[in-house]
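> From first to last, the protein sequence lines are chains A and B. Per the numbering used here: the first sequence = residues 641 to 1098. Per the numbering used here: the second sequence = residues 641 to 1098.
Heads up, some of the hints might be wrong.
[Unchecked claim] Using 30 Å as the maximum straight-line C-alpha spacing, the simulated DSSO-like pairs for lysine-lysine come out as follows:
#1 K1083/B x K1024/A
#2 K1027/A x K737/B
#3 K1014/A x K697/B
In short, the hints are calculated from the structure, not lab data.
Now for the letters of each chain:
Number of protein chains: 2
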Amino acid sequence: MQRILNIETAKKLNKKVKVCGWVNSRRDHGGIVFLDLRDRSGIVQVVCPSKLAKDIKDEYVLAVEGKVNKRPADMINPKLETGKIEIQVSKIEILAKAASLPFDLRNQELKVSLPTLLDYRPITLRHPKIKAIFRVQEKIIESFRKNMKDLGFFEFQAPTIVPVATEGGAEVFRIDYFDYDAYLAQSPQLYKQILVGVFERVFTVTRAYRAEPSVTTRHLCEYISLDVEMGFIDSWEDLMDICQILIYNIFSDLKKNCKKELKIFGQSIPSLGIPIPRLKLREAQEIIFERTGRDNRREADLTPEDEKEICQWAKEKKNTELVFITHFPSKKRPFYTYPDPEDPEYTLSFDLLYKGMEIVTGGQRIHEYEKLLKNIKKFGGKVKDFKFYLQTFKYGMPPEGGFALGAERITKQVLGLKNLREASFFPRDMARIDQRLSTLKPKNPPSPRLRRARKKND
Amino acid sequence: MQRILNIETAKKLNKKVKVCGWVNSRRDHGGIVFLDLRDRSGIVQVVCPSKLAKDIKDEYVLAVEGKVNKRPADMINPKLETGKIEIQVSKIEILAKAASLPFDLRNQELKVSLPTLLDYRPITLRHPKIKAIFRVQEKIIESFRKNMKDLGFFEFQAPTIVPVATEGGAEVFRIDYFDYDAYLAQSPQLYKQILVGVFERVFTVTRAYRAEPSVTTRHLCEYISLDVEMGFIDSWEDLMDICQILIYNIFSDLKKNCKKELKIFGQSIPSLGIPIPRLKLREAQEIIFERTGRDNRREADLTPEDEKEICQWAKEKKNTELVFITHFPSKKRPFYTYPDPEDPEYTLSFDLLYKGMEIVTGGQRIHEYEKLLKNIKKFGGKVKDFKFYLQTFKYGMPPEGGFALGAERITKQVLGLKNLREASFFPRDMARIDQRLSTLKPKNPPSPRLRRARKKND
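Extracted from the complex, chain A is given alone in its bound form (with noise of 0.2 Å):
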């Protein structure tokens, strides 16, 4: 007999039917049990007596077959698709066993410690609400894939093992490549940039890395970035305007296609249409020290407390908590990003706050050969160790920019989540690698600072 989905039973009123799937819950009633059992598409009660249930488990995995009955009155569930239907049991086949849990799966919060949820992953993303997530991450990526293609701009898969380390700092890993070094990407930005030469107008959903030596609320050291980049701009406000259009649609999209997985987060969706206010760092950083008392008026960068500071004065003056900040000082950005004419001091640069939280970040990059030449000597780097990438600008390469948009970032700040670890299937940071770290053995003796960082991610 052909399966079928659960929530295709309640269509099959008095007909006979095979569903599978885990079982949800279990509910002994005198010589009757009641199994909820889980699928890919919901829940479906099955109705079972006794002695065929005997044996049976949370979590266990079933294939059952029997008559699909109308539910007595008292009995329909409104939250259920299935809930005016049941199944009465004619045969059960156990698929596979499975152990007793170490927490209820079935509250509808999952009552656990972030490395517990963690530890647990295989398991608690068995759980509704955690699985309501990545269904939301899915559908971010989904539409911005379907966003880029619609204007125009060609996917590439970027590579990831790259030959020197890109975006400057420390913080990138090593891989010992045959008998050279190697790196792991911190962005696929040189070959966006390369693809812009032969494409125009490019994007990627891929992997970046950050060897991040502590363990924050916002950081992972291997994300999913969402990368754009496109030529023949008139001016990088371009970038902006795409921008601003992308997370306008990616948002809409949220709003017709996840309407459960937000309202179990009680999340909304802002209000469109509004334009997203633009604001240099420099203003941005005035604006808080007039609300706040707190100078950061010199800093090259927003603090975290100023990301939320600003989103909050969009909130009540722009009712949007979008915003815009631009202009970040050339020494804060990579030696790629293209200087202000107006004041080299500063880049033509932007990040997008999001509810108090960077998700994007981008800007116009330096398209002219010599200029560039410099600007990687004047970052201290070797142009020998740029040359391939070299080559795009030494032959003919039009002004161009783009950006990058944290998927993770989106998802955490669309759900209201406390820490970008929910969002990620499989967070890594210093502590964690699927198992925690400090049950492997380490190479050599961790600096006390690592020590400590992963004491309190503990």
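Given the structure of chain A, go ahead and fit chain B onto it with the hints provided.
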């Protein structure tokens, strides 16, 4: 003035337009210069008085304004979509200059060796025939994704930093992960299985890594893996059924959407609707022995020669160049592969060959917890290393399996390319990450074996 794409000019007869792009070629005729301007949509001819064009060379990036005129009848180019018109320039702006190309990009065939093709990748990708390879690859991945979604599969993003080498063997890249060792994923195998426990049917487009210690025409150190995994299978043959549907749908999409690209490569799509033959490894080896006298009947896998021979057999006898090879020996497959209940020396596994090369590999997995524990030990693994993964099976997992397609391999076979590197934007191998590694400083003197293999590749 708003830029339009070159291809759109064909509909703008007698109108004033602005176009942007690269100079594909320049031809001087008396006081007039003809420029072929290339953008992402194609080529348009620009007619220009010499004095306006005097500094302009190949690959310069231009913004051109002018009037769209009909070409004289004897000047019509039927090969170009804009072949009936030309743009009479009124204004030219040079957006970027370009150095003289080291080879000619205008020939229909790009006549360079493979090392040169890759040394100059940012530029050789601009050649229409090279670009076509990646348009086909984009479509293969797009079609894969669309088909999997239509079949109810959930798309996830797989982590690539992993704590243990999962597929066995030494061909794994080690990462310095703070003070621990970590590795680059040889496949997303364990994660896709974990997620079958959550979503039942999953797929991912991801990167996989093999520290392949030799340079061949069929291996890459970093490649695009199109991975599928599904639960609640009735038989392992369900997997081949799904795989066949998928491959045929991808081919059918290519036939529809890549006419131009297939024509450039002189390739056609095989006839669909024919069931793909399924041969046990031993049956295939017997056929090969009968046809060639080559006796590999006790080998654990097909040799590259064998793969070609058996596809030749399929072409002659079954009118298809696709063939499934099944029942590989247990010792040649990873620990998670399901043993054939009828003969546990062999497994419920398969490869799909196309035109003489493996493009898919898959099989049923062990879903029973105790059996899996035993097999990990049997294969020399430590249960402790797989504790995280094993949760999935400890807490109830249905019968399941899956497969993985190599995106570069399908691209290579569909287009009849000679070397897998041609189907990778930025191929990584023992001898190259963008630049040849021999131009960089090794950590240690390379071993004679590595040196020999590199020399062969250069």
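> Give a verdict on every hint.
Cross-check of the supplied hints:
no. : hint              : result
1   : K1083/B x K1024/A : holds, 18 Å
2   : K1027/A x K737/B  : holds, 18 Å
3   : K1014/A x K697/B  : holds, 24 Å
Violated hints for the displayed structure: none, as all numbered hints are satisfied.
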